[in-house]
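Participant: What follows is each chain in one-letter form.
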Amino acid sequence: MTVIRTLDKDKMSVAEGSYAVAHAVKICRPNVISAYPITPQTHIVEDLSQFMADGEISNCEYITVESEFSALSALVGSAAAGARCYSATTSQGLELMHEVLFNMSGMRLPVVMTIANRAVSAPINIWNDHQDSISQRDTGWIQMYAEDLQESSDMTAQAYKVAEDKDVMMPAMTCMDGFILSHVYEPLVLLEQDLVDEYLPPYEPEYTLDPKNPLTFGAFADPTAYTEFRYLQQQAMDNALPKIEEAANEFYEIFGRYYGGLIDEYETEDADIILMAMGSLVGTIRDVVDKLRAKGIKVGLLKVRTFRPFPAEAIRNAIKGARVVVALDKNISLGLNEGALFTETKASLYNTKIDVPIVGRMIGHGGRDIPVKTIEDIVEEAKGIISSGINTESKYADLKEDLL
Amino acid sequence: MKSLFTSGHRGCAGCCDAMVAKFTLMAAGEDCIVISPTGCLEVMSTPYPETSWEVPWIHSLFENAGAVASGVEAALKAMGKKGDTKVIALAGDGATLDIGMRSISGAFERGHDITYVCMDNEAYMNTGVQRSGATPFDASTTTSPAGKVSYGNPLPKKNMPAIMAAHGSPYIATTSLGYPKDMIKKIKKATEIEGPTYIHAHAPCTTGWGFDTSKTVEVAKLAVQTGLWPLYEMENGEVTKVRKIGKQKKPVEDYLKMQKRFKHLFKMEGGEEQLKLIQALADKNIEDFGLE
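Protein chains in written order, with the working numbering: chain D, 1 to 404; chain L, 1 to 292.
Bound-form chain D, shown alone:
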């Protein structure tokens, strides 16, 4: 199944990406929202503030904290007390939360947080890439990346569904590209309360901070027990893989919209060349695929929707028949000169019988525009790899030599 949208025109409106997400949060009935403003996430928390000011979210407290660190810290307390919680951040704010991210997942608190993806400084840059969230990949948070506004909104409800599942109980980041998605207006269907109520039951945690049943949260674990806590977290991530698929399928049944579960494939079945990517870049590639297919070039798109847990098996199955794979990354691991999607996809092929050449191209960092031409050039280069092998395994796709 590939992206399906049965959009009822009567229900459609034009909204900004941030508004669509804020609206989705409201419809998911949060008990505590805690956030600190930072560009380009700000519109989300402003819209939520307005909903609060207009009395549109009941049984909810909005904590206007003094930093991103406290935004997530407050939610540690709220979630442990049994509340459904929400925050949003980006870039430096997300990096400031780093320590709390581990804490949240270690205590198995299923908070959902939107990341309006943005580059990290220095140099300071407010535009989009994925370095901020990718840098948090080992913190034990589920990470999902949305292609467009409708998906950013719908992913919010799906993330709660997965995170709060008793077999998972892990926090989730729903990532949307800063500005490219957060500040853009598109026609979409805003989440409807009755349908979300059908899809997402109230959060009923097994364990809470309750004076009638006193429990100790966040105990100190020495070497005799720490490993087992970590093992159980990994097990929860393993459990999340099928749950993410289920959440997407169930969402389709109720809302009629599907974007893929862990991954989504477009024209990959007979593709010689597969381009893989996350976020809004997927939309651009989709158009390039259409254009090149019309010219008879057998190119396909693999959209990676879930980056943590990493869907290695789904990715292997999707790319095993290709003659070359190009992973496009809006992030770099400095010192390795590779983007994370490339590194991890490549690693997932090792020790298997799948022998597909794979290269990585880093693209669109710090908000640099990604024109169709750049993707076409990458496809052209990929053709050369099929005929004469890999020349450069990983590199920046669009370096301006005159600036170096």
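Where hints are given, some of them may not hold.
[As the list claims (entries may be wrong)] Now the stretches of chain D that chain L is said to cover, found in silico as 3 or more residues with beta-carbon under 8 Å:
#: 1; segment: 27-37
#: 2; segment: 189-200
[Said to hold, decoys possible] Restraint-style ranges between C-beta atoms, simulated for each label pair:
#: 3; chain 1: D; residue 1: Y207; chain 2: L; residue 2: D212; range: 41 to 49 Å
#: 4; chain 1: L; residue 1: T143; chain 2: D; residue 2: T224; range: 39 to 47 Å
#: 5; chain 1: L; residue 1: T143; chain 2: D; residue 2: E376; range: 35 to 43 Å
Think of the hints as simulated: they come from the structure by calculation, not from any bench. Virtual Cβ for every residue (Gly too), placed ideally from N, Cα, C.
Dock chain L against chain D, hints included.
Facilitator: Leaving out everything else, chain L in the frame of chain D:
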């Protein structure tokens, strides 16, 4: 009065934190939720799978007790479960005066209905007696050691109660392990007042300060009797009650000489001058708070 902090924890003999925790829960009773940041108390009271807490308790990080407490309180309110439940942060001085400062400031500015109790043993004891913002002038710690050209910590103790008062708290009090009844009474009062309230509890640490494990209370009393740790209450920014020293007034030497962290002052050249500076600090407290 029953304490819901049980025995069998792993604190040192004469541990000040265990005593403050015990008194806090005596004051608060069953209907409370306790938040403790990283520190001795957390480590010694919750070695998995054991716990000393008979009330709901959560440890998060070193620097976020104020924010976590805010979140607990907000969640209870949002879900209609707040009732009379007391939300209490119980933290050491490093977590309070230093790394956790921002988060406490935010919580108090926002006016959450929480009580923050600082167990002030005047250094980072859990890490091995390093200097904190609460370490007094001339105390020798492992990061402010006395040496050939140093009398120990060169900086005065940060005035945390005054900082908290500036946040507009309805109730702030200092207390001391030397006066358990005073401590229980003030913590109880703090938890019963709506809004963010702050208790700064002076808590001598036998290990970090270097005195006999049976002397915790005696040392604590001397800090008060010398004027180095004045006991007072503040309501809405004004000092409303002070515990007078009266005839019990003692010279600072009586307090300092009991502790290894100050022993260099009695041996080093120039130590006498330093003792005069410390006496001046005590005298200023006595004058400022009208302790005589």
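Participant: All hints are to be evaluated individually against the structure, with a verdict given for each.
Facilitator: Here is what the structure says about each hint:
no.	hint	result
1	27-37	holds (count 3)
2	189-200	violated (count 0)
3	Y207(D) x D212(L): 41 to 49 Å	holds (42 Å)
4	T143(L) x T224(D): 39 to 47 Å	violated (31 Å)
5	T143(L) x E376(D): 35 to 43 Å	violated (60 Å)
The structure shown violates the earlier hints numbered 2, 4, 5.
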